[in-house]
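Colleague: Each chain, written out:
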Amino acid sequence: MGAVLKILSPGVFSSLQDRGRLGFGAYGVPRSGAADPVSLRIGNHLLGNDAFETAIEFRFLGPKILIERGSVRLALAGDATADLFLSENDEAVKISPWQTVRLDEGDILSVMPLSKGATGYLALEGGFDLEPVLGSCSTYARAGLGGVNGKNLQQGDCLTARLDHPREMIEKIVKHPPRFGEEPLRVLLGPQDDYFSVETLGIFEASEYQISSDVDRMGIRLEGTALAPLPEKGSDLISDGLVPGAIQIPGNGQPIVLFVDCQTIGGYPKIATVITADLHHLGQVTPGNTIRFKVVTPEEARAALDEREQLIQQVENSVAEHFGEGFLDLKALYQSNLIAGVVNAKNSGHFPGHLEEGSHETD
Amino acid sequence: MDIRILTVGDAAFTIEFPGLEGVSGARQVAALRSRVQEKIKAGQLSGIVDIISASRALTICIDPFVGDFKHLQTAVAALAKQKLSLTKGASQLWRLPACYEGDYGPDLEDVAARSGMTAREVITLHSDREYELLQIGFLPGFPFLAEIDERLRFPRRTSPRVRVPAGSVGIANAQTAIYPWESPGGWHLLARCPVPLFNPLWARPSLLDTGAKVKFEPVSSHDLLLLQQDLASGKLDPHSFVAEGGEG
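First to last, the sequence lines map onto chains D and S.
Residues in the first sequence are numbered consecutively from 0, following numbering that gives the first Met the number 0.
Residues in the second sequence are numbered consecutively from 0, following numbering that gives the first Met the number 0.
Just so you know, these hints were derived from the structure itself, not from any lab.
These figures come from a predicted structure and were not determined experimentally.
There's no promise every hint is true.
Said to hold, decoys possible - As a list, the in silico SDA-like pairs of lysine to any residue whose alpha-carbon atoms are at most 20 angstroms apart: (1) K38(S) with L21(D); (2) K214(S) with E149(S); (3) K174(D) with S317(D); (4) K93(D) with G126(D); (5) K150(D) with L200(S); (6) K293(D) with K150(D); (7) K150(D) with K38(S); (8) K38(S) with G22(D); (9) K174(D) with A50(D); (10) K40(S) with G22(D); (11) K232(D) with P17(S); (12) K40(S) with S317(D); (13) K63(D) with L21(D); (14) K69(S) with K63(D); (15) K150(D) with P204(S); (16) K69(S) with E299(D).
Claimed, not checked - Rough simulated footprint, nothing fancy, chain D against chain S, three-plus residues with beta-carbon under 8 angstroms: (17) 39-50; (18) 194-203.
Unchecked claim - Non-contacting residues of chain S with respect to chain D, defined by C-beta distances greater than 10 angstroms in every case (computed): (19) E20; (20) R34; (21) T58; (22) M116; (23) E120; (24) I135; (25) R156; (26) E216; (27) Q228; (28) S239; (29) A242.
Quick reminder that beta carbons are idealized off the backbone N, C-alpha and C, glycines included.
Next up, chain S with everything else stripped away, as it sits in the complex (with noise of 0.2 angstroms):
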């Protein structure tokens, strides 16, 4: 496999596939992760105190105290060379509610008219695909879904948002993602989901992990209301809108 390893300061080093991109890239990315973690468990890698997932690239974060850079970049890199066995993406698809009624998605009418054609004709192709997870980042467990359908593609806006609601669900260029939090933003935003993505007491804080599919199912205003109150007294398990491939 063709990398590129970039210096990013004295304590982190990242492993780029210029070659791949898209999902084929954030595949080549979670497999050398879980390699990582595979030697580091073993007792074969010291000094790595954090690993950071991109969509075709990991950044390997080190105590320059405890771990040796050049060992350390010449043991990842060996990995990255390697053929690595690729996770099937497939294994977990993600059936999450999105409403798309009136203020939950604000730009929806917008982006309906910038590609020509109808809200309901926007939120068939938005909701119609399964979108692979790529990275996780911007915020805790924001995730950054793709491809979303070619005539739904714009740049983000052009003046961002000071405040987005926490589960908006918005689009940009090729991607779709969930704002897990409030925060600025300047996604086009189509509908609003319920589910919480990031909670630091789950055993893996982020609900969603690279290689995830999600797939988003249109509810009424009425049912994401529904949905919030049932999430936010613990009867609903967020965990249980996995649709295939058990908890990750």
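Chain D with its partners taken away, still in its complex shape (with noise of 0.2 angstroms):
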């Protein structure tokens, strides 16, 4: 039997979510999936999981969990702490954002609101026991698709773990974690930019957009400049397919960017589309701050998502081992010769056995 893990607190929207459902478009289901893809596939990486391995997605605050049974390795993956109150003698231990952090019997870990971004993921080592529907575990709670019981995590639900206990090892942290938001959205224009005029193109480009209060996993409200569609042609169209990133532009003119969630086919123009490499920023944006949007070729689309692969190794490969605040550091004393000759290093029996084993791992 594995670990359970219960919910205390689910957080807000917190879901469960891997890669997404592909390949029932036809039938009206969503894609889902992360909202944040590389965050998810870090936190994956901490724990030597499969890169989409489901896992706890939050929303700006996460959750509150109990280990009920076993013993479990979470990845915190998002820019949060999170605090671990030990059942043994009701210690609070801080956890860092992008840490892994085993948890025993009648431990809590409590996670705090994300301190930027929007997003962000508790994996666990090994995974969840669950049943994939239609290929995927993402929940899409608006159908009952996935998750627990098609919803999103409720407090009182228990997670299983597929492993009770997780692997010996030295706690993992990124030191250089991904960074959000900084430079302009990456658009291909269409598949409606024929809706509007070269000048309304060219506002679309120029102008700085705020992000409403109105965001979520179906899409992203945004208010600025208004961006009427050509007068013969309107904002009604006859409805076709839309994917995540899709920016559609409804009758006020004000842009909604499309997201994970978002339903299959819609009758409003769709001026451009967020390139593949850039979506997981969209999973990041935070009502009240700004984004701008930078049309670019299918060319720079496909070296974008080169180079984003290529963050992502520079990414996995600052992973470190994290001996935690109030921890003896003990690979940088060995290190440091500031031991030798009290215990032989190469002896792991005489330290704890996590050590060694620990720091065979490469990452």
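Each of the two chains sits in its own frame; use the hints to bring them together as a complex.
Modeller: Here it is in structure tokens:
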């Protein structure tokens, strides 16, 4: 039997997400999946999981979780800290963003609000024991698909891990986490850029848009200079296919960037579409901030994808062992020879066993 | 066939049949979708991860790490320009029960008043026709059915309902539809259909597919409850409501 994690408090719009549900668009099934697949991948990487293993996704505020049975290792991916309350001595340990943490039976992890961005993940070593629905464990609550009983996480939900206890290893941390939202979002024009004049397309690219409070997994409403379609075209078209990242312009001219849970077809003109390499930024936009768009070519979009992979690689390469606050940094001690002669560094038996095992981990 | 190719970012494109609309467009799209699926099965198109059918446009979603955008676009466009063998929409007729009584059809009286008819006449006009399924979208399994009688055509409600119960049968403009899930919605609600339209455990998760024909069979509220019970207990299979052409 795997370890059991109990949700004491779900946080905000917490759900289970993986790569998403592909292949059922013809039946109106949205793609769903991680709002920020890059953070999900890094969280899973910290644990040695498959890149898109299902994790708990939270928006703005993370959950509070009790380990009801067994032991687990979680990775906190996102700019949030957490408090770990140890069951044995009621001690609270501060958990840093982008680190792994081991929890034993009775321990409680309480995730704080994100200090930056909108989406964070709690990935689990070995993953959750879940039954995929239409090829994915991603939650799509509107139609009751995936997740726990098709719903976002609720207080009292119990999630079972595939493992009953994690591997012995030193905890890890990302030294150089990914950065979000500093560059304009790159887009390809279309599918309905012909609904807009050259001037309007210019305004679209030159304007700064305010992110409204209406931000969720279905779409991100923006506020700024209204974009009017050509009078002979209008704002209504015969519905066609939608994808996350498509920027639709409804009658009021205020753009809506469609996102991972967006419906599959729609009848508003879409001026442009965010390129794949930048989609994960949409998972981190927060109300009140601003964004801009930059039109690129298909070739630039393809190159950006390779660049993004390189950036992820760099982030993953920055993973280091983490001993946490208040813990003696044994490895640093070894390296500075401060304790040479006191113990034989090659004989791990004299020190916590996880040290040696962990130090052989390569990333 | 006249087509337009639309760019939908770097991981999707849409083939549109600009000269077609309604049933003829939907049939063309269904035919193209079949051709693309055949090619995928035959291993001749790789990197396609999803296909979205709209009433006159087919959107091909690709994995940009696997599929070559330009190559796929050219290949699918070539298929679209060929003369496609159109599937006969009449092969499958579904007779779906619908209860037009009381709270099950909250906008019936209003539609009757606006069209200058009695509620009885509206029910007859709505349930006499065979509709053809143009596209599925908005929600999983949500069927857009066309076309309703011209006298029943009104734009969507100016203030959409926050909560439309699952199974609600609505009309808007030239179309009618069934809400498979509770959701917000702006269609005028005429009736309630007890038949579930979507189940991820079915071989095809959507009960209906493009090209299917649907006719509503008025039932009493008493029969509606019986049908709901039998469908919930598994005594009645939703697939048994197909009248012609066997199960999809």
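Colleague: Provide an ascending list of the numbers of those earlier hints which the structure does not satisfy.
Modeller: 4, 6, 7, 12, 13, 14, 19, 21, 24
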